[in-house]
Each structure stands twice: as structure tokens, then as C-alpha cells.
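If you want the building blocks of each chain, they are given just below.
Number of protein chains: 2
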Amino acid sequence: MNLPPLVQTFVLHFGEMGSRWGINRTVGQIYALLYLSKAPLNAEDIVERLGVSRSNVSMGLKELQAWNLVRLQHKPGDRRDYFATPDDIWQIVRTLVEERKKREIDPTMSLLREVLMQEPASPEERHAQERMREMHDLFELLTGWYADVQRLDTERLVQLLTLGSKVQKILEMKDRLFVVPGSKKNPRDDVKDK
Amino acid sequence: MNLPPLVQTFVLHFGEMGSRWGINRTVGQIYALLYLSKAPLNAEDIVERLGVSRSNVSMGLKELQAWNLVRLQHKPGDRRDYFATPDDIWQIVRTLVEERKKREIDPTMSLLREVLMQEPASPEERHAQERMREMHDLFELLTGWYADVQRLDTERLVQLLTLGSKVQKILEMKDRLFVVPGSKKNPRDDVKDK
DNA sequence: CCGATATTTCAGTAAATTCTGAAATGTCGG
DNA sequence: CCGACATTTCAGAATTTACTGAAATATCGG
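Protein sequences appear in the order of chains U and B. Residue numbers for the first sequence, in the working numbering: 5 to 198. Residue numbers for the second sequence, in the working numbering: 5 to 198.
It should be emphasised that the hints constitute simulated quantities derived from the structure, not laboratory data. By construction, the Cβ of each residue, glycine as well, lies at the ideal position given by its N, Cα and C atoms. Please note that the accuracy of each hint is not assured.
In silico DSS-like pairs for lysine-lysine, Cα to Cα no more than 27 angstroms straight-line [claimed, not checked]: (1) B/K66 <-> B/K79; (2) U/K178 <-> B/K178; (3) B/K66 <-> U/K173; (4) U/K178 <-> B/K173; (5) B/K66 <-> U/K178; (6) U/K105 <-> B/K170; (7) B/K178 <-> U/K170; (8) U/K170 <-> B/K105; (9) B/K66 <-> B/K106; (10) U/K105 <-> B/K79; (11) U/K106 <-> U/K66; (12) B/K66 <-> U/K170; (13) B/K106 <-> U/K106; (14) U/K42 <-> U/K79.
If we take Cβ atoms under 10 angstroms as the criterion, some of the chain U residues that face chain B in the derived model are [stated by the list, open to error]: (15) M5; (16) P8; (17) Y39; (18) S126; (19) K170.
Kindly produce the complete structure, drawing on both the sequences and the hints.
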């Protein structure tokens, strides 16, 4: 491996982290390398820097492309393929979440919906179905939230995340401001909330 | 494998999904089984239902315990260990997120902080460091949001998630209500935002 | 302390995955 | 169409991970 020490540390770490996800070490390393690189790299560049075989790099790049995590580019007068990650890290996050949803959540939801249609043949199955229903509803809530938030532009998304749970406070404020006339919200209700 | 069809479908699916995470098939299956089960199960129960070796189950349970994903219980007059998942699915989510953070995000943040302290020895390293800084800041924002939200009780958390990005609307409303006196916000600013 | 039962450990094997080199395929300029 | 270069494919090798059975360890009631 032929990399500046600082880069190498990061690349090795992401190789290991990749293993903890479904992603293999080389793919993790390729991605990390591209992420840190100023200019796009071609396959041969990657081979030299990571010290793995050409075919391995080819497969790794193919996988990263399947995940929409790298962009293929070309230089004029050079017919090799160059690869880069998006400059905007938020775009990376969006892609990652989107792809994991597509591969993990969506199929699970299909399966849950299907199984929930069936008639339980025993109390045991009835209970199992209830549990699956809980999971289904949870995923629905989370994906609904995601679908909603995902549409925000980055600036607003950051705003929202920075707020965190302080949103609650604003909500409560809103509730106080727009009391339905006649509901006569009792100020002492606050005590209960504590 | 000796399971009601409906349960088996789910268990097999989670075995496969487990593989896509760092978790191996058997561990995924054990967890799925416990999740669906009404009563706690002992190791021998799991062996019978999944048709894997006793030692494999032992290791799998150990791993699930290390993840805090299962609770160990005992029945009076029975010295075998019984295992169950929390009844509250939100508790499960919280544990999962917490543990993944501990294993993946926290070590990555340490590494990033460490590498960011070093002096870049070349323009290449300087750029790499900038990229790492972006990642660091991103993670900081996300973990900050998480730390904040994680404290909410489940009811409020669900409220927040149900709202999704509608929070934005409320924020804008708040901004309009509490304009700093003298700032004279121009209504035409809205046009720019579009 | 003993025997019965439960769990864990671990060395060896099985299985799955990752990686490589060589060959095949694709693509360009001339 | 050819030759040079680029990329992909793929069978087998290397490595890693998962799994098993047997032995070791632990814990209980008596």
C-alpha cells in the first residue's frame, strides 16, 4: 500500500468498518481512497495505491457503481475510466440511506405485508403476527419520516438536525398559542407533564 | 428447522438480512425467533426449532447478549437460562442504535479527531484532511441530533417522527411571529427562497 | 463430594467470501 | 480490420468466517 500516512490510516479504518457492514474490505478501501482524493482516479491508480489486483479493483468499482456511490468520469484524450465521489458529503449520505432502504427495508416491508395477510393457524402464530405488525408499523413510521425529511434541501435539513428535540419546545409553544377556542387548557396541566 | 410456516418465513428472512449487516445468519435467526416468541426460550428450544448445533446457539446467544439485544431470565425450579427480547420494540431500536454508534461511529470519530490533529505534509494530505473534517462535522451533527432525540420518551419521539418535515412550517411560523423588532423582514424575501 | 444437568470452550472441518491471474471481451484510432 | 489499450469475466486459490462435536467447566440438589 502506497499512500501518505494520514490517508492510509483512514483507508485502513474504512476497510475494517466496511467488513462490519456487508461491504468487503477492498470496496471500503477503494471508497475511502476516492473520498479523500482531490482528483478522480482510474483503476490503475487504485491498484498502485492499495496494492491489490487489477481484477479486484474492477469488481470493487462495479459494486460501488451499483450502489451509486461513485461517479464515472472521463478526461479528454484519455479513454480510461476515472472515478470520484460526490463533492457534497450530504449527497453521499442521501445516496447511502436511499440504497440501504432499497435493499434492506423495502424487501422486509414486502415480506411483512405478505405474512400479515395470512391467517394465523395457532395462538403462537397469532402472537408472532402481532410482533410483525409492530415491526411493520415501526418501519412505516420511520420510512414516512424519512420520505418527508429527504425532500428538504440541505440547509433546512441541517437546521432541523441542529434543532434536535428543541422542536418539542416550539411545538408546545404552538399548542399554547393556538388553543382551540373553548378548550380552556388548564395551566396546571403543565405540572402533570413534569 | 421446525417452525410454523409464518414464523419460518420471517426467521429465514432475518437470517439473510443479518448477513448483510455484520451479523451472521444463525445470530439473525436466533434473534428473529426470540422476537416472535411469546414466552422466553432456552438454548435447547432454539436448537430444536432452528436445527443448528447446541454450541452454535451458545455462541449466538453470547453475541446477542454482548449487543444487549436479549435479556436473560430464569424460571423458578429450572436452572436453564431463558432468553427473550424486550416487549417494547422502541427499546429494541434504541439499543440497536446505541450499540452501533458505540461500535462504529465512536471509534471513527476518535480516529478522525486524531488524524485531524496532525500536520499535513503535502497539498494532497491537506485536501484529505479537509474531507475528513467534513465527515467529522457531519458525524458530530448527526450524533448531536441523536443525543438530543434519544432522551425523548417514546410518545414524544413518535410525535416528532410523525411530524417529519412539517416542523419546518412551524419554524417558519415561529420566525414570522417573533421577528426581531426593527429587522423589518421584507415579505419579498419569500420570493428568493423559492 | 457425587451425579445430573447446563453451558462454554475450542480444535478441526465445512462453507462462504474474497482475491488473483489469465483469458476473453470491448473500444478506440488509424 | 488491426493493433494497442482498457475493462470484465471467471475458475481456482487463498483467506476468512461459521459451524460442529467432543471435551472441559460450571452449578445445582442431595
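Next on the checklist: Interface hint check: U/M5, Cβ to nearest Cβ on chain B, cutoff 10 angstroms. Holds or violated?
Outcome noted: Given a least distance of 15 angstroms, the restraint on U/M5 is violated.
Next on the checklist: Against the 27 angstroms threshold, does the CA-CA distance of U/K42 and U/K79 hold or violate the hint?
Outcome noted: Holds - the C-alpha atoms of U/K79 and U/K42 are around 15 angstroms apart, at most 27 angstroms.
Checklist entry - Going straight from one Cα to the other, do B/K178 and U/K170 come out at no more than 27 angstroms? => result Holds - the C-alpha atoms of U/K170 and B/K178 are around 13 angstroms apart, at most 27 angstroms.
Next on the checklist: Run the distance test for B/K66 versus U/K178: straight-line Cα separation, threshold 27 angstroms.
Outcome noted: 48 angstroms, violated
Checklist entry - Once the shortest beta carbon distance from U/P8 to chain B is found, is it less than 10 angstroms? => result 5 angstroms, holds
Next on the checklist: Check the hint pairing B/K66 with B/K106 against an upper bound of 27 angstroms on the C-alpha distance.
Outcome noted: 18 angstroms, holds
Checklist entry - Are U/K170 and B/K105 close enough, with their CA atoms no more than 27 angstroms apart? => result Holds, because 22 angstroms separates the two Cα atoms, which is no more than 27 angstroms.
Checklist entry - Taken at face value, is the distance from the CA of U/K66 to the CA of U/K106 at most 27 angstroms? => result 18 angstroms, holds
Next on the checklist: Holds or violated: U/K105 and B/K170, Cα atoms, limit 27 angstroms.
Outcome noted: It holds: about 22 angstroms lies between the C-alpha atoms, which stays within 27 angstroms.
Item to check | Hint check: 10 angstroms Cβ-Cβ cutoff, U/S126 to chain B | outcome: 6 angstroms, holds
Item to check | Given pair status - U/K173, B/K66, alpha carbons within 27 angstroms | outcome: 42 angstroms, violated
Item to check | B/K66 paired with U/K170 [C-alpha distance capped at 27 angstroms] | outcome: 39 angstroms, violated
The structure shown violates the earlier hints numbered 3, 5, 10, 12 and 15.
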